[in-house]
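Given only the sequences and the hints, what does the whole structure look like? Please build it.
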Amino acid sequence: EPEVTQTPSHQVTQMGQEVILRCVPISNHLYFYWYRQILGQKVEFLVSFYNNEISEKSEIFDDQFSVERPDGSNFTLKIRSTKLEDSAMYFCASSVDQNTEAFFGQGTRLTVV
Amino acid sequence: AQSVTQLDSHVSVSEGTPVLLRCNYSSSYSPSLFWYVQHPNKGLQLLLKYTSAATLVKGINGFEAEFKKSETSFHLTKPSAHMSDAAEYFCVVMGGFQKLVFGTGTRLLVSP
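Protein chains in written order, with the numbering used here: chain P, 1 to 113; chain C, 1 to 112.
Worth double-checking, as some hints may not be accurate.
Computed footprint of chain P on chain C, listed as stretches where at least three residues anywhere in the stretch have a Cβ under 8 Å from a Cβ of chain P [stated by the list, open to error]:
no. : region
1   : 42–54
2   : 98–105
Derived DEER-like restraints, expressed as beta-carbon distance ranges [to be verified]:
no. : chain 1 : residue 1 : chain 2 : residue 2 : range
3   : P       : P70       : C       : L7        : 39 to 47 Å
4   : C       : N61       : P       : M15       : 40 to 48 Å
5   : P       : K83       : C       : H82       : 36 to 44 Å
6   : C       : S12       : P       : S9        : 26 to 34 Å
7   : P       : S73       : C       : P79       : 40 to 48 Å
8   : C       : S12       : P       : S73       : 39 to 47 Å
9   : C       : L20       : P       : S58       : 27 to 35 Å
10  : C       : T17       : P       : L39       : 26 to 34 Å
11  : P       : G40       : C       : P79       : 29 to 37 Å
Just a sample of chain C residues kept apart from chain P, beta carbon distances all over 12 Å, derived [stated by the list, open to error]:
no. : residue
12  : V11
13  : E15
14  : G62
15  : V110
16  : S111
No wet-lab data here; the hints were simulated from the structure. Idealized CB from N, CA, C, for every residue including glycine.
The following block contains the structure:
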């Protein structure tokens, strides 16, 4: 069964460093998303991406964050100048279109120290 | 704005007994609703979805949910719990264009 794949599963980084979280969405999906879950809190929407551009983003998704689809398969989330409060589980998801269910990856646990 | 409220942070059941996880929604239009499950150290897996077709929705692993507009509810049920059902369950509403809005989650504990 096709699945969304995220790497790495766990990333530890020092405060102030840049990290790139990687995702391979399901191959025939056209919409891609990033969500995050801070420990003990809700899963929160960060950004959606379609046709090589951001289609919607939350207030969390400020200039510190960026997304990219560098090739035909990968979808990345870059976080610049990481802060302690960026520590969270980051989930990538994809869907066929904007009205169907999203399929989620297993997540990348980011720990900023 | 669309939102969901999961009424219980934890639910404990014995194996073989029924499961009820409660969710109420708030939406200004006919919502698309989902239940996702998260097992420890795993991703979010779709259990079932409601998109204005049948009000009783059947999902994977014997779970089902009933959309009740009059009560603005979308409770998740299963007739008989299994140990493998122990996980975190999220009620989710489509919050607008391409955006899912998650509830706070309900942790289901299943005892032998």
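Now the hints, each set against the structure:
no., hint, result
1, 42–54, "holds (count 7)"
2, 98–105, "holds (count 8)"
3, P:P70 / C:L7: 39 to 47 Å, "holds, 43 Å"
4, C:N61 / P:M15: 40 to 48 Å, "holds, 41 Å"
5, P:K83 / C:H82: 36 to 44 Å, "holds, 41 Å"
6, C:S12 / P:S9: 26 to 34 Å, "holds, 29 Å"
7, P:S73 / C:P79: 40 to 48 Å, "holds, 41 Å"
8, C:S12 / P:S73: 39 to 47 Å, "holds, 43 Å"
9, C:L20 / P:S58: 27 to 35 Å, "holds, 32 Å"
10, C:T17 / P:L39: 26 to 34 Å, "holds, 30 Å"
11, P:G40 / C:P79: 29 to 37 Å, "holds, 31 Å"
12, V11, "holds, 18 Å"
13, E15, "holds, 26 Å"
14, G62, "holds, 19 Å"
15, V110, "holds, 22 Å"
16, S111, "holds, 23 Å"
The structure is consistent with each of the numbered hints, conforming to all of them.
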